[in-house]
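Asker: Protein chains in written order, with the working numbering: chain G, 1 to 79; chain H, 80 to 224.
No lab work stands behind these hints: they were computed from the structure.
Take the hints with a grain of salt, since some may be wrong.
[Said to hold, decoys possible] Once the Cα atoms are required to be at most 20 Å apart in a straight line, the calculated PhoX-like pairs of lysine-lysine come out as:
1. 72(G) / 89(H)
2. 85(H) / 72(G)
3. 93(H) / 197(H)
4. 111(H) / 53(G)
5. 85(H) / 111(H)
These figures come from a predicted structure and were not determined experimentally.
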Amino acid sequence: MLILTRKLGESIRIGDDIEVKIVGISGDQIKLGITAPREVDVNRGEIYEAIRKENSRAMSGELPADLLNAMKSMKKNDQ
Amino acid sequence: MIIQTKYFGKQEIKEDDVLSFANGIPGFANDKRFIIQPFGEAFSVLQSIDDADVAFIITSPFLYFDHFSVDLPDHLVQRLEIQSQKDVAVWVIVSVRNPFSESTVNLKAPIIINVRNKTGKQYIPEQSDYSLRTPLTAPLTEKRV
Chain G
1 MLILTRKLGE SIRIGDDIEV KIVGISGDQI KLGITAPREV DVNRGEIYEA IRKENSRAMS
61 GELPADLLNA MKSMKKNDQ
Chain H
80 MIIQTKYFGK QEIKEDDVLS FANGIPGFAN DKRFIIQPFG EAFSVLQSID DADVAFIITS
140 PFLYFDHFSV DLPDHLVQRL EIQSQKDVAV WVIVSVRNPF SESTVNLKAP IIINVRNKTG
200 KQYIPEQSDY SLRTPLTAPL TEKRV
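Please work from the sequences and hints to get the whole structure.
Answerer: Below is the structure:
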């Protein structure tokens, strides 16, 4: 992991088109300004991680055939 | 083309039905091409074309949650080149548990598909009132009362 020291107003560049700027510091909170191309996803780490974990959980485990068959037979108007 | 699927064995699919997920989905970054196959009436399967084992049971959030709504931010609308509401299909991933009554759905991070240009993305909202693990059965029970 690359570790850099930056001051308020300074930035780092990642590749040609991503810039992360320190725009505010208050106590133990740091405000970052991120400029990135549209195709780059920018998410808070803990939110991304929670969704990644939930996706893996949704996929995990072999489901018994009788459960799958029961799901297949559920109708829209069952609710 | 013929692909191997998790729930239906070998299947012949049409190239036109292939959905492109440019960045994969969180946890499955290498799976960039999917297909949606019906799984009975109430559910479908989001099946990776690149890996037979990667398949999610999905459902329509509107089917189970009357008041569900999702507000797509501009960057997502632009990314998927959504031109009108008609382009958009919304799905949510079901975490199926045994017994089924313990199953949950991820209402927080829905799968957004542009059905016109066949692109898709799991939307990760900055803020959401919905839970990653919303019980699938709770609203059903409420409705019966």
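Asker: All hints, please: hold or fail.
Answerer: Here's how the hints hold up against the structure:
{"no.": "1", "hint": "72(G) / 89(H)", "result": "19 Å, holds"}
{"no.": "2", "hint": "85(H) / 72(G)", "result": "15 Å, holds"}
{"no.": "3", "hint": "93(H) / 197(H)", "result": "12 Å, holds"}
{"no.": "4", "hint": "111(H) / 53(G)", "result": "18 Å, holds"}
{"no.": "5", "hint": "85(H) / 111(H)", "result": "17 Å, holds"}
Comparing the model with each numbered hint stated earlier shows that all of them hold.
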